[in-house]
Amino acid sequence: MQQNATSPVHASTADHHGQMIGQRVARREDARHLAGAAAFIADLNAPGCLEIAFVRSPVAHGILKGVDIAPDVPIDMVRHAEHFAHLPPIRANLLRDGYNGAPYPLLATGKVRFVGEPIALVMAPTRAQAEQWAEQIVPRIEALPAVIDARDEWEHPTIPLHEDLSSNLIMRTQRSVGEFDHIVQEAGMSGLQHVTRDFKMARVLASPLEGRGVMALRDKATGAIHLHLSTQRPHLIRSFVAEQIPALRESDLRVIVPDVGGGFGTKSNLYPEEVLLTALAMELDHPVRWIEDRYEHFVASNHARQHDQRITAYFDGDGRIHAVDATFIVDGGAYCAKTSTGAIEANMAANIMLGPYDIQHYRYEAISLYTNKSPMGPYRGVGRPGGCFAMERIIDEVAHELGMDPVETRRRNLIPSSAMPYVTATGLHYDSGDYLEAVNAAEQRVLERWNRDAPPGRRAGIGYAMLVEQAGHGSVEWFRRGSPTVYGHEAARATLNGDGTLEIDVGTLAHGQGHATSYAQIASELTTLPLDAIRIRQGDTAATPYGMGTVASRSLVMGGGAVAQACRMIVDKARRIAAANLSDTADALRLENGVLHGAQGQLTLAEIALITSVQIHKLPKDIEPGMSVQAFYRPSVETGTFSYAVHAARVEVDEDTGFVDITDYLVVEDCGTVVNPLIVDGQIMGGVAQGIGQALYEAMRYNADGQPETVTFGDYALPSAMEVPRIDIIHLHTPSPFSVFGVKGMGEGGSVPPPAAIANAVRDALLAEDIAVNCTPITPDYLLDQILARTEGQ
Amino acid sequence: MKLPYFEHRAPDSLEEAIATLAALGSDVKLLAGGQSLLPAMRYRLSQPSVLLDLSRIEDLRLKDDALRSGRIDAMSTHAQFAHQNDPTPLGRLMAAHAQQIAFPAVRTRGTVGGSVVHADPAGDWPLLFLALGAQVELSGQRGTRRMALSSFISGPMQTDIALDEILTAVLLDVSALGLTHWGRAKLMHRAGEYAVSSAVAVRRAGGEWSCWIGAIEAGPAPMTQCAELLRSHSSLKHKDMLACAYEDVRAVCPESGQAAVHRHAVNLTRAIAQALETQ
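Just so you know, the protein sequences line up as chains A and D, in that order. So for the first sequence, the working numbering puts the first residue at 1; every next one is plus one. So for the second sequence, the working numbering puts the first residue at 1001; every next one is plus one.
Hints may contain errors.
[What the hints assert, rightly or not] Interface residues of chain A toward chain D, partial, derived using beta-carbon atoms under 7 Å:
1) 128
2) 293
3) 781
[What the hints assert, rightly or not] Listed next, with one range per pair, are the computed distances between beta-carbon atoms:
4) A:32 to D:1001: 19 to 29 Å
5) A:44 to D:1222: 52 to 62 Å
6) D:1163 to A:713: 24 to 34 Å
These aren't lab readings, by the way, just hints derived from the structure by calculation. From the three backbone atoms N, C-alpha and C, an ideal C-beta is built for every residue, glycine too.
So here's chain D without its partners, still in its complex pose (with noise of 0.2 Å):
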């Protein structure tokens, strides 16, 4: 289980990654913390002949003004999430999701823009992302692209990224930067591992719901039956809220065990109601 041979690059400016990467096309993987790479390279599920490593370009890490601004750079860390304390509803939920992914040494290494290029079903940004309606920044020698994550993300562990592109900025608008109500849940069998189940329910600024479920065979998916729910009733009994999240979820997890869709169902309304009492 040691590493296969490979070569590390580790460019300081953002052109240089990128000409490297338009050099050397499908021989190089991009390294970002590396905390799901490093362990498949050591298992040969993939092996690289470059790392490009991006931890040391300036440009890609996180600013100061990050939740003022909306652009989370791609080399900003979970333990940057976990450890800042921005008052804001938004930053008390980042904080809140970053301190739940892994250990602490994982929160260190991984990166927002490794997690959500990763594009794991079960990965927590994302999950946060899709239900704050982000934007993914991309650029390559082509140009920079910018799309929504939610057409970014095409299955799992799958995006649309071009072998020449560079994910360099996760993008909220001031819907999501503004937002009022906040609610997630996240069930771990063990503490740090991946989820079992994981929701998130938030209210952007201009009053409209998102709630969405992660660690579902074909990746996030939104709930949009319960998001209409809360819209249109101002109060909720639980049991109707409970109804229509099972609804929600036999719908995008038709092949699921009866316990996993009851587990998803209730986290979902977990997550709900802790956005519901965030007033």
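Chain A on its own, in the form it takes in the complex (with noise of 0.2 Å):
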């Protein structure tokens, strides 16, 4: 059943009527936000702060001597490698075989491996004068030569980065699944032919409107440390600190998330600088805050997703492809970063490539490397842009061999609806979808809509890329991938107040997702309560349950799950307490608007709550007292719900200078139920805007010394309004069988396939050229050497 989008409801007109779920509520956390009252690490108060700044290596492969301080620096102020010998350094571990991990130290110790990385700290009363100072303090550094690209470093090995270890690999696995190697042996003989391509697609990094933040402080009270941390992972950070300090209990660590700005996975991993801080904090009479700027972005947070593919697909006559060869390199950086690292960016890619075509025989090599370059993190799809870049360009290839319709080529590789649950080759465990119901109504909406005249001077292209987003994956999944961290529940606490309000604390962590409102929703559904009665709760260890926070697109089948479960077991007891009260059974109850009514009368929740807490007279003896509930939700099937998107581009190619203009983008998505379709849509918007961001402007760029040259946004250039077209969105509904209510996770999606897509439209539009479009981001100056390279030619 198709979809559009229509305006939004507000929170106070919204009523419920048992009919939450699916309504546009508008987001109650945006009026806060919308009025600049909103509050990030940087806006918050500690009297006597000291705040930070960091010496970051300028070079971006040397051994390091020491450090030359100005005499008007404080010398008590600075921080070098030597007063934190007592700390260990940070170690990614993958459960894996032939994992090769590198500690990352909290400051650089021997060798710098990277320009950012940090030196020395200094500490100040104002950001100002700890700047001032920390550009008196020079590192000497003896140069080595830098290791910048990952293809050159696999091919011709050079001299390891980490002494201990043999070679800059960080993991190579490879697989053969199928009768791949059959297949091809008899390519010939079978009459299958075969296309290869060699794709690159550049560094990026995520660039959240607020970078990272840190505040610690120790809690006079308590004696406890506060760590006021920018993050998405509160629980997980504060067991990854306390195992860095040895003098540091969890019990004594309490983290706490204010408002953050965006985090798009570069806020889920560890860094030096938490820790650092949170011993500092230790040590100190002072808080401490570190708050990073934007050239620390650039350099010092997590870059993603630098791939070099090399890829072959071998079909018939038909466009049926039998069998994929895949080689996958990524440029892990300089250090394996805690938890997600570069082997996980190549393993990822390597493993969901397929997508939604129903191929079995495939081979795949997924191998990263350490360079001279930030570490690599998480951003938006963690491998599944390299992959479904890789599958979705290669499909393309493979209709244009044929001259065939791209989306005709996608039909015929297409897995049925009918083979659902599906497996992949690489064992991935597809629960539902439609896959042809999505390519026919992207097909048709583009027919109706769109069409390939351009102007003069200018050419026409559409393209289309489709994926299939594995989220909400649960322990099996995360077990396989050998992390150590296996993931695969949440918890939700519900207390029902006298007042009738309803509280709840969740282990997930919005950071843009609107979680207040689409959980409020699903309590909302459950209780019958209005949503302003309703209060989301997150980001304090010391106030909410242990959780995985908000990545991996797991929040809403997850914490949304668990807040269900929650409020359920709220409900069965308010049932039971008002059973007793009417002389009625719990059954036969009919609860709404927040009232349980009988045959006999009637008990409002609030009444209930009431009951239970300063009412005990009233509470039978077999019913424990208290209205708190606590919720630990894990999904019967845990290998994850699959979300899947159609996305179209139609662009206009400026044949005379090579520019590319997007005029029309549409997604048809299918995330089976949704909460609330309008925070949907700004996940879908959102995520599209950074791809377009890929596939046409950004890219870390390093010159042959690995420094970097793009550390402003005037160098490094992210798609404005003006670039990022109307989105046209069509949902269609196939809920997961595994999920409650037949949610699925799709924070991530809508990054993903628009680099294929638009890559997919430039080469339609230049295809009687055969223009190449193998890579991101693809530059005006691509795209016209090559142009006038055929004009030359003609």
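Combine both chains into one complex, guided by the hints.
Here it is in structure tokens:
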């Protein structure tokens, strides 16, 4: 069933009537942000706070001989690596054979391995003062040759960057699945053709509006360390920080997360700054704070997605792909960041590449290497943009080889809905979906509204890309990946107050996802309480149950599942209490607008909460007092939900300048049951904007010495509102059989297919000249150089 | 990326500004909007000990009759030109040009004088005023002098300004004030960015054509063959114009790759085509 966008309804006027799920409720958290009344780390007030600036390596690779400190820098405000010698480096583990982890020092010792690596820190009453002193601390570094190209390093290994490793290989996994070898051997005899392409995707980074931020202090009343952090995973980071500092126990550390101005994965890893500031707060009598500035975000936050791929498809004359061969080489940067690394990026890309296609014969090689660049981490999609680009570009190449319509080629290779649930060649358990319906819906909309006419000098093209988005995965998937942290549940604590308000504490961490609204809609659906009676709380390890935070498109499935379970427990208990007081049976009571109606009388949920707290004489002895419950949600099937989407882009390419304009963009998307379509649409649009950035603009570039050349938004181009077209969204609804209400995770998907869809559209526009579109970003020079070469050849 | 420490002085009069500048010499940077200077200071590319802020000097602000008198005072902002609706060809050219400078926030603070003295090869005002054959007025304790902008800008980010001088105005002559035809084309990879290629073509009151391109390494350059072609031919084929533009462009950026040369040549012909349409 299709449903188109309509205007939002407001929380105050949205009547639940047991129908809150699916309402376009305007986000409750927006008013605060629009009024500039939110609180981020930089907004917190802490008297006597010392601001921190880091001395960072100006050299990509070198031997650190020491630092020269100018005489007017107060030496007691400076801290070197030796000061923290009792703290171990950060070690990211992956429980897989052949994984060569390299420890990430808190502050560089002996060697520096990327520009931006922290060497020392300076404290001062103001950040400006701290920066001024930091400038006067000059590292003495004997430069070494830098490793800057992962494929070169793979093909011609140089000296290992890490002394205890024998090469710069982080990890190499390879697998041949099905009858791949046989099919390829017999390809000539069985009349299969093949096409091979080399694809490259540039290094990018998340660029949230708010960079990272840390404030740490000792709470005098409790003696505990309070770590205020801009992070996506408060509980896990608490565990990790406590692990890093031997003298600190988890119970003595409280992580508090205020408003977070975007994360997109970049705030999910553990960073040296977070450990260092915690250690400083333990030794000092002052709060300490570090606010990442934009230069630091460019060099000291994790980068993402740098791929160098070789992809081959073996196909028959009908366009049916029989086998795929894929090599992914990922530039992993200087260290393995905890917990998501370059190895995970490469493995994920190989694992998800086949997407919606019924291809059972597959060989892949996933290789990740150390280079002298900022460490690789997660960014909205982790591996999926690379895997999707590989598959969706190569299927268009198959179509072009055959002179076939790329949409038809896709149709001939889709997994039919009758095959659901379906196990892929790499062992993913797709839960549900009708991919053909999505392709047909996209094609129909495109045929109705778009054309390939363009003004003189411009060429129009249309391209498609598909995605199957593994999300909300439980323990089976995390264990399979070799993650030492095996995710598999979320918790929610629901407390019904005597005034009829409901407080829900969760272990996930919305940083723009609108959980305060969507979780409340779930709670309202089940309790029939109005939205304004429901408060969602997050981001304080002292107040919320242990959770995994918000990453990997899992919160609505896992956190939403926990909220639903907790609310059901509250309602069940309320029914039992009401039944006893109204002399009725629990099942016979009707719950409406927060009131339980029986045959003889009625009780409000507020009155029932009072019975459990201060009217205990009315509480049956076999029912426990109190109206606070904690639910732990663990899905019965733990392989995840699988949303899917078809993206289509219409572009116009200026033949004389090589500039690409995206004139139209369509997303047909199925994330099962939608709790709040307004929020889902927002997630899709934001994701597509980021995908457009990767497709046309963004590239973290380095020179041959490993110096980053793009450390301002002047040089690292993000798309603005002027470059993002209106995005047309069509929702399909195939509920997951494995989740509460049939919801599916969808937070990352929007950003995954755009590079492939846009590249396919540009390829389509310039197909007559056979212009290659094998890299991102698709720069004007890349296209114009080819166009001019073709014209000259004529 | 906090600003380094500096002293901020904001005199009310030009005389006071000139005196301060003379007293402090090379320790001073003039703050004329700060849209390039302040980011450079944050990245520690510039560390003046005194910023002499010109924004409070009434004499340096835009006057109502600027497009008739030809005197554009240095602290006129981009936004003032973007928002004016003077109906003359010059007025419309200035508005169209200003409207494509960066974003509203930059246009509100950035100034004509700041842009000209900054002399960025991709800067918008140097290109336009070079095409208009403008002069600049420079004032200091030793007096006031005028010189052609084309002599004033000596290279990328380089001008002839002396340490004790303030650029007080850009001056247009009657041939620029009475221009009859204008065209401009600016290629930006993203809206609001510095140009990848920028071109201006004008026909001045006396009938003389002037064609310039910017956003090349050495800074804005005249496209003399195109101007001559326009002068000597009343009707021109696009193909001939493009061929001529190619020659002009190649001559001023011999090191550039083929794609860049092509883009500049095409962009220049787009500016010229627009100028020919605005009869």
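Structure-based check of all given hints:
Against a cut-off of 7 Å between C-beta atoms, the interface hint on residue 128 of chain A holds, since the closest Cβ of chain D lies about 4 Å away. A least Cβ separation of about 4 Å between residue 293 of chain A and chain D falls short of the 7 Å threshold, and the interface hint therefore holds. At about 5 Å, the closest approach between the beta carbon of residue 781 of chain A and any beta carbon in chain D falls short of 7 Å, and the interface hint on this residue holds. Between residue 32 of chain A and residue 1001 of chain D, the C-beta spacing of about 27 Å keeps the proposed range 19 to 29 Å intact.
Here the CB-CB span from residue 44 of chain A to residue 1222 of chain D is close to 57 Å, well matched to the stated 52 to 62 Å. Our hint of 24 to 34 Å for residue 1163 of chain D and residue 713 of chain A holds, since their Cβ atoms are close to 33 Å apart.
When the structure is compared with the earlier hints, no violation turns up for any of them.
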